[in-house]
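**Q** Take the given structure of chain C and dock chain L to it, following the hints.
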Amino acid sequence: MKVFVFLGTLFLALVVLPVRAEAYPWMIRHGYVQCATCHADPAGGGLLTPYGRAQGEILMRMRYGQAPGAEPGPMAEPLWGAFTPPKALLIGGDVRSAYVRRIPSEGESQGRFILMQADLQAQVSVGRFRANGSMGYVSEGGNLAAFTRAAEGKAVSRLHWLGVDFGKNEEWLVRAGRMNVPFGIRSIEHTMFSRMETGSDTNTGQQYGVSADYHRGPVRASLMGIAGNFAVSPDDFRARGYTGLAEYAFSPTLAAGVSTRMTYHARDLTLLTKAIRHAHGAFVRYSPARSIVVSAEWDFLHTSQPTPGRTFFGGVGYASVDLEPVQGFHLGPTLEVLARDFDDGASYGAWASAWWFFLPHADVRFDVIQQSLASPTGSSFKLLTAIGQVHVYL
Amino acid sequence: MSPSRLVASLLGLAAVAVALACPSVAHATPNFPRAIQARLGAVSAPDCSICHVGRTGRGTVVSPFGSAMRGNGLMAYDEGSLGRALQTLEADRVDSDGDGILDVDALRAGKDPNPAGTGDTGIEPETPEFGCVGRVSRTGDVPLLGASALVVCGAILGARRRSRRRVDRAPEALIFVALISATGLAACAPSWSGAGLARRSDAESTAVTPRMAAVKATAFEAELRKIGLDPRALPPFEELRPVQVRRLMSTFTRSLGFACTDCHDRGDYSDHTSTRAKHLTVRMWNDMTRGYTLAGVGAVFCDSCHQGQGKFLVRTDKSAISEWMSDNFTGKLEKQSDGKRVSLECETCHGEPFDPRFLAKW
Chain C
0 MKVFVFLGTL FLALVVLPVR AEAYPWMIRH GYVQCATCHA DPAGGGLLTP YGRAQGEILM
60 RMRYGQAPGA EPGPMAEPLW GAFTPPKALL IGGDVRSAYV RRIPSEGESQ GRFILMQADL
120 QAQVSVGRFR ANGSMGYVSE GGNLAAFTRA AEGKAVSRLH WLGVDFGKNE EWLVRAGRMN
180 VPFGIRSIEH TMFSRMETGS DTNTGQQYGV SADYHRGPVR ASLMGIAGNF AVSPDDFRAR
240 GYTGLAEYAF SPTLAAGVST RMTYHARDLT LLTKAIRHAH GAFVRYSPAR SIVVSAEWDF
300 LHTSQPTPGR TFFGGVGYAS VDLEPVQGFH LGPTLEVLAR DFDDGASYGA WASAWWFFLP
360 HADVRFDVIQ QSLASPTGSS FKLLTAIGQV HVYL
Chain L
0 MSPSRLVASL LGLAAVAVAL ACPSVAHATP NFPRAIQARL GAVSAPDCSI CHVGRTGRGT
60 VVSPFGSAMR GNGLMAYDEG SLGRALQTLE ADRVDSDGDG ILDVDALRAG KDPNPAGTGD
120 TGIEPETPEF GCVGRVSRTG DVPLLGASAL VVCGAILGAR RRSRRRVDRA PEALIFVALI
180 SATGLAACAP SWSGAGLARR SDAESTAVTP RMAAVKATAF EAELRKIGLD PRALPPFEEL
240 RPVQVRRLMS TFTRSLGFAC TDCHDRGDYS DHTSTRAKHL TVRMWNDMTR GYTLAGVGAV
300 FCDSCHQGQG KFLVRTDKSA ISEWMSDNFT GKLEKQSDGK RVSLECETCH GEPFDPRFLA
360 KW
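In the order they appear, the protein sequences are chains C and L. Counting from 1, position 334 in the first sequence corresponds to residue 333 in numbering that gives the first Met the number 0; the numbering is continuous, with no gaps. Counting from 1, position 116 in the second sequence corresponds to residue 115 in numbering that gives the first Met the number 0; the numbering is continuous, with no gaps.
Excised from the complex, chain C in its bound form (with noise of 0.2 Å):
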């Protein structure tokens, strides 16, 4: 039975599926400052760690007015119990599939439903030895994660690496291959401004390349060299350079950091041309009470292009509220802003969020998000996107 269960749901998630990391800032309101507690990845994101699905099970889903046990119980454990991999194997997947309504402020509206992620995870410890790795399928869309060529219908792979692990308690973590790029808070909202604009996106953000992971104590800190997105050719259009960040937790419930990011880019994907891109900036983590967490970030932006001689000078930045006033269930507005030139006009958004963690291993999230968006003409529009979500992992 167990094995029919679960070769069902992989058969599910092999053949119609997309991955993108799963990642909860907001769990600093449990005191949880590093990321390398719950995720397999030290700069957190994506394949939960045993610990970290014992925590979604007690800190993470409604409860229904029982108090959470001590203990999780089997349902933490992959496919809600029915599979218990040995202790050397890190599994999951996740697929999100979502309603998308965008109600532009000129012109006619638009819905459509989109499978949003799609992807199924493991990881292989041995010694000190790790081999991390993702994929899935995408009907379209993916382009940057494609490890397959065609127009519609993809296989994805976002994630895969091997690693060491260094250090008397593990702290270090030295790796090689296609990860999630250290920059800023890393979150599930991708489309935000600054995830966009900063290249640091987990649905298809991800760089190959070589880092490095520290997190000990109230400090975590990644620096990675990247090589380029091997995902996209020719070899001009992948960016090349670093980009990292440190995180010190002043207290557990207050985390504030920097993050630096440089790329050089022989034809950029948006601009076309050579470019140099910087993005460096702060950011900052805090819970004045456990049903309260505001996280903010800036990032100044700096993009040279050597022809046409132009250089642009901007920011993007934004502050978000999670209010969690029953477990399981989460309020939160989140205001940002970008201007990729400060003497152009900047876009700007609002967003009003709320999200159920209504079962083990699934919930629904509803988002209304108003954006004024600047177009390079100096010209702007009003858009409206109303997105309504369930997402289960497995």
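There could be a bad hint or two in this list.
As the list claims (entries may be wrong) - Some chain L residues close to chain C (C-beta under 8 Å, calculated; not the full set):
1) ASN30
2) ASP77
3) GLY79
4) PRO127
5) LEU223
6) ILE226
Unchecked claim - With a Cα cut of at most 20 Å, we get these calculated EDC-like pairs of lysine to aspartate or glutamate:
7) L:LYS310 to L:ASP286
8) L:LYS225 to L:ASP98
9) C:LYS273 to L:GLU238
10) L:LYS317 to L:GLU344
11) L:LYS277 to C:ASP234
12) C:LYS86 to C:GLU169
13) L:LYS339 to L:ASP286
14) L:LYS360 to L:ASP337
15) C:LYS273 to L:GLU237
No lab work stands behind these hints, which were simulated from the structure alone. Note that the Cβ used here is the ideal one computed from N, Cα and C, for glycine as well.
**A** Chain L alone, transformed into the frame defined by chain C:
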């Protein structure tokens, strides 16, 4: 399995099924095709490929029409910017494929305003390619990939059971590496290698019998000026800005009837990889196009002679070539030299003594 865990598992699987059942095909900017149809009164909504080359998504709005729209302020989802860009293209009388029909009029008639071959091949220069070398189709390969992965996952399960007995960690590592390797190999299998993007064979490229038509003034004068080039005073190719080179590419393909991969190596569009065709193009630009004018008629560009043909001289009839060159080159073309107009002579290109095969030495 206890009843409560079974119920929870079934609920979870039901949620997965619901999540999977909902999605349908979506598009990068789904409101634009119908907005274009409405604004222009077009007979039909255009396909995404009029802007996107190869596929929809970031970095693929690089068709000549799409580039022109982006250059005039087009923004995703912003129908206002769409309207303004269309107005600008109409005011500037932009004709991306040089067929004499303005882009907006082509759209009104339900036609693709781009040159043939740039809409759906994914081989436009400076267009990023995504993925490895494999190809997965919805109908054929996906179940194969899924089935392969399923078999491997089954092997993981089996190995897990064995390893539970043996208390041995090595099988998981080996199987995981095998999983990644098998998936990679399957994806990159030759049968899915995207042969449609390969360079055209010589037989395909030269299938059309050349015809020697009279040299005429370029049809690209307005387009060249929009790129910032004076067709009567073209700069050396090496001095062109990258954005100008990019925008010139479709004038080359249209003038010569070439596919992008007739000049470019499919695997490397970079400026550093030289091919014979690229070398010839640059030399032609510098030595044979720059500065020439059609006396009393207009500017000369690649299309003036090639007129949609890569090779336009009928070399089997030398007397016909000689007559055509006298009529069209030495009789019609002029060149600016030291501020003076100089007529073209045979030795201008062929040198002294006369070399009939000078192109072969370029």
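**Q** What hints, given by number in increasing order, does this structure fail?
**A** 5, 6 and 14
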